[in-house]
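K.L.:
First to last, the sequence lines map onto chains A and B. Residue numbering for the first sequence follows my numbering, starting at 3 and increasing by one per position. Residue numbering for the second sequence follows my numbering, starting at 3 and increasing by one per position.
It is possible that some hints are incorrect.
Chain copies aren't distinguished; within one or between two, either way the pair holds.
Straight-line distance between alpha carbons at most 20 Å, and here's what the computed DMTMM-like set of lysine to aspartate or glutamate pairs gives [said to hold, decoys possible]:
no.	residue 1	residue 2
1	163	95
2	222	141
3	222	61
4	42	95
5	93	196
6	203	143
7	208	61
These aren't lab readings, by the way, just hints derived from the structure by calculation.
Each chain is listed here by its residues.
Number of protein chains: 2
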Amino acid sequence: MNSEPLILVVNDDGITAKGIRSLVEVAKKFGQVVVVAPDKAQSGMGHAVTINGIIRAQEQNIFGEGVQAYSCSGTPADCVKFGISQIIKKKPDLILSGVNHGNNSATNVLYSGTMSAALEGAMEGITSIGFSLLDYAADADFSASMHYAEIIVRNVLNDDKLPENFCLNVNIPKGSIEEIKGIRFGRQAEAFWDDWFEHRKDPGGKDYYWLTGTFHNHDKGEDTDEYALANMYVSAVPVQYDLTAYHTLKHLQQWPQ
Amino acid sequence: MNSEPLILVVNDDGITAKGIRSLVEVAKKFGQVVVVAPDKAQSGMGHAVTINGIIRAQEQNIFGEGVQAYSCSGTPADCVKFGISQIIKKKPDLILSGVNHGNNSATNVLYSGTMSAALEGAMEGITSIGFSLLDYAADADFSASMHYAEIIVRNVLNDDKLPENFCLNVNIPKGSIEEIKGIRFGRQAEAFWDDWFEHRKDPGGKDYYWLTGTFHNHDKGEDTDEYALANMYVSAVPVQYDLTAYHTLKHLQQWPQ
């Protein structure tokens, strides 16, 4: 790592969200910061990329002097691709995504624009960290998030044994620095959304639906992100983009063809 | 498995695509078929879900008698959630996604609406299979895809040892049944997009960009999906939604806090 790392900051709540401003403040302590973030909220976008439409981008002066920033019409994953290919024009040393307004633990990692941006970075061979605070409020208190983001970024930058496609999913419980007990490294819990749709009629009498649901943790393990968060620890789960279910491969190879 | 399995068919190319018609034909041989598919092309949508907007759905008579079908304004993952929660109102025995017009091998699995719909099914505890043909043409020849989809669906329905969250990513090379050599089960290759953006000016002189790129296989393994496809085999990769990078956990637990 060179002495002044180049850090790309992205998010999914949009470039004007409080969470990304907090993360930029942390990033500035460690190196040169470039921001490429969506021009509107892109929550729940998963790993969507814009392949059937165009991308626009606009330079923005939001984060003060020394921070080059662009709003981008694309998804969070698009922002990473666009930032590297069109703005920075080389690989940054680190990608920080977030701080997301809301939970990205357990299977939420798959729906999360924040974490998909981080995984996109990892796929491009760049160490990437996604941060999420368990508070959906626009004016959420990011003090503890900033405190722990600083600890985690310092550890990542000082660790020369990390694989180059290292990606970390960090979730911070809602609470003060004093209330949070530390960081626990663990695995993604077997916890899922139980979905339902709220059925409404529009003013013309036509049906429409809102996706909603409740989140259930079916996992009794004490080594999970859900357990850490429920016990007021910051949860950190290393994540990977290899989805192969290796444990079933041998069984499948016995199928008749 | 009961004698007449209930099969939910989804896709990401939209309900009028040729690929989904081919898959419905295969599904009809095995059980009762319900289709819930996007009302427009949703390629590259990854695991996006509609949380900041509404969903609409419309019954459609596209697949002939006996096949209940709905077009849905949502993403492929939305279609699975909506189909189970609002249309079928119970868990189907099987979800089939596709046949996609285009490749979903290697890291494409993360961008793929087809595979995200299948993974969504697996997260809901339903055996799910995504099928993709390596041909982007709207009028692609799906004969070989149908042949192999039938073999794979039969194996899945006859296999009582599969985990209930089993998910399979099937890619079919472009070619005739005679040209394709069989099915190879393997892992997701370390193969990635090298992105770039084509910069254009709109009629008003404003900048816009198209995401494009080339796909590179950096993986020398002969046990990968890329190797299978390059050698004219159907590739089948079992996939999972647990993204935890277990191999780095122990190392991270040594970080100072």
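K.L.:
Does each hint hold? Answer for all of them.
P.N.:
Consistency of the hints with the structure:
no., hint, result
1, 163 / 95, "within (15 Å within a copy, 45 Å between copies)"
2, 222 / 141, "neither (33 Å within a copy, 49 Å between copies)"
3, 222 / 61, "neither (47 Å within a copy, 41 Å between copies)"
4, 42 / 95, "neither (26 Å within a copy, 39 Å between copies)"
5, 93 / 196, "between (39 Å within a copy, 12 Å between copies)"
6, 203 / 143, "neither (37 Å within a copy, 42 Å between copies)"
7, 208 / 61, "between (41 Å within a copy, 13 Å between copies)"
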